[in-house]
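Top to bottom, those sequences are chains Z and B. In case it helps, my numbering puts the first sequence at residues 603 to 992. In case it helps, my numbering puts the second sequence at residues 603 to 992.
Wrong hints could be hidden among the right ones.
Since the list can't tell identical chains apart, any single copy or any two copies may satisfy a pair.
In silico lysine-lysine, DSSO-like type, Cα no more than 30 angstroms apart, as pairs [claimed, not checked]:
| hint | residue 1 | residue 2 |
| --- | --- | --- |
| 1 | Lys770 | Lys727 |
| 2 | Lys691 | Lys727 |
| 3 | Lys980 | Lys727 |
| 4 | Lys729 | Lys622 |
| 5 | Lys629 | Lys646 |
| 6 | Lys825 | Lys988 |
| 7 | Lys897 | Lys980 |
| 8 | Lys897 | Lys988 |
Just so you know, the hints here were simulated from the structure itself, not pulled from any lab data.
There are 2 protein chains.
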Amino acid sequence: MQDFQYQVPTQVFFGQGAEKEVGQRVKEFGGHRVLLHFGSRHSKQSGLIDRIAGYLHEQGIETVELGGVQPNPRLSLVYRGIELCRREKVDFILAVGGGSVIDSAKAIALGVPYEGDVWDFFTRKQKVERLLALGAVVTMPAAGSEVAVGSVITNEDGMQKIPLNNRKMRPLFAVLDPLLTLSLPPYQTACGIADIFSHVMENYFSRTRNTELGDRLCEACMKTLIHNGRILMESPGDVAARSEIMWAASLAQSGLLSAGRQGDWGSHDIENELSAVYDVAHGAGLAVVFPGWMKHVFETDIQVFVRFATRVWDLDPSQFPDERALALEGIGRLSEFFTRLGLPSTLAGLGVPADQLDMLAERAVRNGGTGQFMRLSKEDVLSILKNCAQ
Amino acid sequence: MQDFQYQVPTQVFFGQGAEKEVGQRVKEFGGHRVLLHFGSRHSKQSGLIDRIAGYLHEQGIETVELGGVQPNPRLSLVYRGIELCRREKVDFILAVGGGSVIDSAKAIALGVPYEGDVWDFFTRKQKVERLLALGAVVTMPAAGSEVAVGSVITNEDGMQKIPLNNRKMRPLFAVLDPLLTLSLPPYQTACGIADIFSHVMENYFSRTRNTELGDRLCEACMKTLIHNGRILMESPGDVAARSEIMWAASLAQSGLLSAGRQGDWGSHDIENELSAVYDVAHGAGLAVVFPGWMKHVFETDIQVFVRFATRVWDLDPSQFPDERALALEGIGRLSEFFTRLGLPSTLAGLGVPADQLDMLAERAVRNGGTGQFMRLSKEDVLSILKNCAQ
Numbered sequence: 603m604q605d606f607q608y609q610v611p612t613q614v615f616f617g618q619g620a621e622k623e624v625g626q627r628v629k630e631f632g633g634h635r636v637l638l639h640f641g642s643r644h645s646k647q648s649g650l651i652d653r654i655a656g657y658l659h660e661q662g663i664e665t666v667e668l669g670g671v672q673p674n675p676r677l678s679l680v681y682r683g684i685e686l687c688r689r690e691k692v693d694f695i696l697a698v699g700g701g702s703v704i705d706s707a708k709a710i711a712l713g714v715p716y717e718g719d720v721w722d723f724f725t726r727k728q729k730v731e732r733l734l735a736l737g738a739v740v741t742m743p744a745a746g747s748e749v750a751v752g753s754v755i756t757n758e759d760g761m762q763k764i765p766l767n768n769r770k771m772r773p774l775f776a777v778l779d780p781l782l783t784l785s786l787p788p789y790q791t792a793c794g795i796a797d798i799f800s801h802v803m804e805n806y807f808s809r810t811r812n813t814e815l816g817d818r819l820c821e822a823c824m825k826t827l828i829h830n831g832r833i834l835m836e837s838p839g840d841v842a843a844r845s846e847i848m849w850a851a852s853l854a855q856s857g858l859l860s861a862g863r864q865g866d867w868g869s870h871d872i873e874n875e876l877s878a879v880y881d882v883a884h885g886a887g888l889a890v891v892f893p894g895w896m897k898h899v900f901e902t903d904i905q906v907f908v909r910f911a912t913r914v915w916d917l918d919p920s921q922f923p924d925e926r927a928l929a930l931e932g933i934g935r936l937s938e939f940f941t942r943l944g945l946p947s948t949l950a951g952l953g954v955p956a957d958q959l960d961m962l963a964e965r966a967v968r969n970g971g972t973g974q975f976m977r978l979s980k981e982d983v984l985s986i987l988k989n990c991a992q
Numbered sequence: 603m604q605d606f607q608y609q610v611p612t613q614v615f616f617g618q619g620a621e622k623e624v625g626q627r628v629k630e631f632g633g634h635r636v637l638l639h640f641g642s643r644h645s646k647q648s649g650l651i652d653r654i655a656g657y658l659h660e661q662g663i664e665t666v667e668l669g670g671v672q673p674n675p676r677l678s679l680v681y682r683g684i685e686l687c688r689r690e691k692v693d694f695i696l697a698v699g700g701g702s703v704i705d706s707a708k709a710i711a712l713g714v715p716y717e718g719d720v721w722d723f724f725t726r727k728q729k730v731e732r733l734l735a736l737g738a739v740v741t742m743p744a745a746g747s748e749v750a751v752g753s754v755i756t757n758e759d760g761m762q763k764i765p766l767n768n769r770k771m772r773p774l775f776a777v778l779d780p781l782l783t784l785s786l787p788p789y790q791t792a793c794g795i796a797d798i799f800s801h802v803m804e805n806y807f808s809r810t811r812n813t814e815l816g817d818r819l820c821e822a823c824m825k826t827l828i829h830n831g832r833i834l835m836e837s838p839g840d841v842a843a844r845s846e847i848m849w850a851a852s853l854a855q856s857g858l859l860s861a862g863r864q865g866d867w868g869s870h871d872i873e874n875e876l877s878a879v880y881d882v883a884h885g886a887g888l889a890v891v892f893p894g895w896m897k898h899v900f901e902t903d904i905q906v907f908v909r910f911a912t913r914v915w916d917l918d919p920s921q922f923p924d925e926r927a928l929a930l931e932g933i934g935r936l937s938e939f940f941t942r943l944g945l946p947s948t949l950a951g952l953g954v955p956a957d958q959l960d961m962l963a964e965r966a967v968r969n970g971g972t973g974q975f976m977r978l979s980k981e982d983v984l985s986i987l988k989n990c991a992q
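Turn these sequences into a full structure, and let the hints guide you.
Put into structure tokens, the structure is as follows:
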């Protein structure tokens, strides 16, 4: 185990109907004039934003609204949000949505008290010091941004998608109401599950040794995602299964699974390029990239993949000629799981042209390589992308 | 899953040698004049307390010392600590020890700013409002008090052992340095493991349904404890195993395993009476009581015990004539594990006289019964204690 620090400062309020208490929550955390930040027209048309505004108004809290956050949230909207918060003297930002909305809200919260260009934080020109107060109402369990330290913003100028991680960027509170996820379409549900699963795997596939408790916590999350993911494909209205997925999404990014170990995050870096250039849905991109990454790296430390095959997929080693075959079957089971969720399994299925792999590989390693389980060169990434093309 | 709130506000610093940074930690958290609170002569004689004092002095922090905390920490010492803190104008309490020391420190921190008798909080005459700032350096992984909401104090007047839980009672930080646990004698190591295992089981054996992720997180902890507990009995100097146990102790009481479910805690209530009256080591008491409790209740909800047998002890259902036999074998494996750790398996082994069971049962249910998995009457507790006598 490596040395680590651990804390989950975000106050999580989990429950069916927890939505209704959001006015009290904002009041407890000191909000008087709130920016409601959200994404799709759906949030507005479904009446959710009006309901949330109502709960705030009941507590004497004023609101201004900024919708329109897209998947792979854009810097241009962040700039608009910062300007709006300053003009309207907003003292609290409430994100209502999934990871994109929360990430966008974090960037706005970072930009409001800073005199320069908020992009400076993402390009590491400026250190994170303070943020406007921030809370989240989660409508899509996936990114776990509601308890996480990170925000990933896409700068349309050059289509750069850059993650920024800092512990000060965690929301003060997160409302997790599984009832809000019942109306998610199957494809979005599936993308969310692939995203959560990938967060677990980025920690699980590690070179750090003596991490038994961490390994087993990861396996607990993956088995829960497999079981409840399958349930939701048959019964999208199963609130119990929705609850498991929602709680797993937050825990996976809470710091619990990364404690004491070096994660990989190479697949995320590669997928970020697909999203940045072709606006691929993040979860769908990960469902394609991760098995491709696994096939490229598994033989460099096969025991971790043997453990994945036996503990996560319950495969019986005695049924396989050797560890290689066992490990490959584990990877195959993962691909099959993603496919059954209705996710694409190839770059073509994501709409990524086959003749652009060199450019994508070049971008993924522009900071001098990526990944920790195996440090990936441009050639490695190209080979992974070719695995994903088949 | 039930509605829940979740937060781990205590900042955990985990690492080999983390001890050395305790001066900086106290400084960061605002301590200027610190009470070093500790237990056995061992802490003093081993030089640990002097080392810790040295780290604080290097940061310009003044110290006063109060040792002598016993297992089942006493109210009389809490009173002395409160008086000492007031007289010496202490602004920060640093507990250096295991659960008893940290519980004692919490009670002192509660009493210093309160004008009345600190016991009022334990008898529910007074609501917890504020505490003196508090940190912990853990030397014995067991109670998890370093991240937990509770303190259990024994009032020698009537030998009442009463737990108090309040989220304000969590330490500001906890230093977890596995090197500090290397010198623990095997019996204390074993008592700690039994205590941690019991905290997991109090959550695991629940009537709440649809708790898959929580169930699996509990199983992850139990399997880690079994594997590493066995290692430590052979190789007490195995730092990797010590690290796993130490991290499991904190996580088990961090709120992670109780989220969304109703725990039981009947075995703890029963054991608290053994500790209060006969000064039994808490972990040893739990190792005796828990299997006795299981044998009494398992048939009222056998599926939970079947899951325990198959998932925690890897038993193959096809090898057993029926679920009852399978469940009983799971309970047997637990007893065997505790015995191999060198812990007693009967009340006699704890030094509890066989003719006092009626009195103990009476005390355990004095608030009108105990336990949630099955609500226990005096007759139930008596039957459990008789299971423990064999």
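Hint by hint, here is what the structure shows:
1. Lys770 / Lys727: Classified as within; 17 angstroms inside a copy, 38 angstroms across copies.
2. Lys691 / Lys727: within (27 angstroms within a copy, 44 angstroms between copies)
3. Lys980 / Lys727: Within one copy only: 26 angstroms inside a chain, 68 angstroms across chains, cut-off 30 angstroms.
4. Lys729 / Lys622: Between copies only: 28 angstroms across chains, 36 angstroms inside a chain, cut-off 30 angstroms.
5. Lys629 / Lys646: Within one copy only: 23 angstroms inside, 48 angstroms across.
6. Lys825 / Lys988: So Lys825 and Lys988 pass the 30 angstroms test inside one copy only (29 angstroms; across, 39 angstroms).
7. Lys897 / Lys980: Only inside one copy: Lys897 and Lys980 sit 16 angstroms apart there, 60 angstroms across copies, limit 30 angstroms.
8. Lys897 / Lys988: Only inside one copy: Lys897 and Lys988 sit 11 angstroms apart there, 58 angstroms across copies, limit 30 angstroms.
In this structure, none of the earlier numbered hints is contradicted; all agree with it.
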